[in-house]
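Peer 1: Chain by chain, the residues run as shown.
Protein chains: 2
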Amino acid sequence: MRRFVITATAAALATATVAIAGGHGGNPAVKARNAHMGLYSFNLGMLGDMAKGTTEYDAAAASTAASQLAALAAFDQSAYWEEGTIQGEVDGSRAKAEIWSDAAGWAAKQELMKTASASLAEVAGNGLEALQGGVAGVGEACGACHKAYRGPRN
Amino acid sequence: MRRFVITATAAALATATVAIAGGHGGNPAVKARNAHMGLYSFNLGMLGDMAKGTTEYDAAAASTAASQLAALAAFDQSAYWEEGTIQGEVDGSRAKAEIWSDAAGWAAKQELMKTASASLAEVAGNGLEALQGGVAGVGEACGACHKAYRGPRN
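As they're listed, the protein sequences go chains G and A. For what it's worth, our numbering labels the leading residue of the first sequence as 1, then goes sequentially. For what it's worth, our numbering labels the leading residue of the second sequence as 1001, then goes sequentially.
Simulated from the structure, these hints should not be mistaken for lab results. Just so you know, even glycine gets a beta-carbon here, dropped at the ideal spot from N, CA and C. Take these hints with a grain of salt, some might be off.
What the hints assert, rightly or not - Which residues of chain A face chain G? A few of them, derived with a C-beta cut under 8 angstroms, are:
(1) A1032
(2) A1035
(3) T1064
(4) V1090
(5) W1106
Given these sequences and hints, build the entire structure.
Peer 2: Okay, structure coming up:
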């Protein structure tokens, strides 16, 4: 029975994971954090378009996107930031060595993103001005981390 | 004041979104869904490694990864599946036209993934055999959708 379960699990996993879009090649940790950033970008992009007036403010859509952003920020990201996956060493990485040499500073920036996106999720449905304030806070958190811990475009 | 807020928001957003990893070029919806699949893959990969015995079972880590998988599955993905973003038409897409022509079948598959990953999140911390059963269920949900709605590797 045990063997059957393991075999069935392995088969199901093979189906599931072998051919996920873009799933082949590259460092898994780097790909995971780039995917995470991509979902930040997508949700924040929707919110930013509303904040800037490019698209019309929609309280429900803003709340959903902001909640997703906050959920992502609260994900356990420890497995993403594998030591040695530094820009220049690993394909697709823009991580500076300071992420590991200044672990406390890095953790503080991650905390800032978590707090700012939780605040945004709280107010995103409360009108355009509330959204704008929340989005600005998240933008600052993104920028603070990128400035300190991200290298130049590859 | 209003203008100031908008300007500050725009500046913060520029900092935040301009240079997100891999953030330039390509269809935003396709990139977002590929990023989403990438995070599925990362979390499910950790769980699959435990289920197969490649890594040691860790109840807390399994619970965390399974909760993240379930949270992702519950995200509003409507903006990802933009009509016309079909394999062959848009770079990076493996979406079949059936996603749009068979919207009900497609929605059922998304629901299956939501249910299976919620079930996995409930049991992932309850020991290796519970994890294996839950992972197999998610693997089947992934496979069912890929088989029906995803084209061959690009």
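Peer 1: Indicate, hint by hint, whether the structure satisfies it.
Peer 2: Outcome of the hint check:
1. The closest approach between the C-beta of A1032 of chain A and any C-beta of chain G is roughly 4 angstroms, which is under the 8 angstroms cut-off, so the hint is satisfied.
2. The interface hint given for A1035 of chain A is met, as the beta carbon of that residue sits about 3 angstroms from the closest beta carbon of chain G, less than 8 angstroms.
3. Restraint check, T1064 of chain A versus chain G: the minimum CB separation of about 5 angstroms is within 8 angstroms; hint holds.
4. Hint status for V1090 of chain A relative to chain G: violated, with the closest Cβ pair at about 12 angstroms, above 8 angstroms.
5. Hint status for W1106 of chain A: violated, given a least beta-carbon distance of 16 angstroms to chain G, over 8 angstroms.
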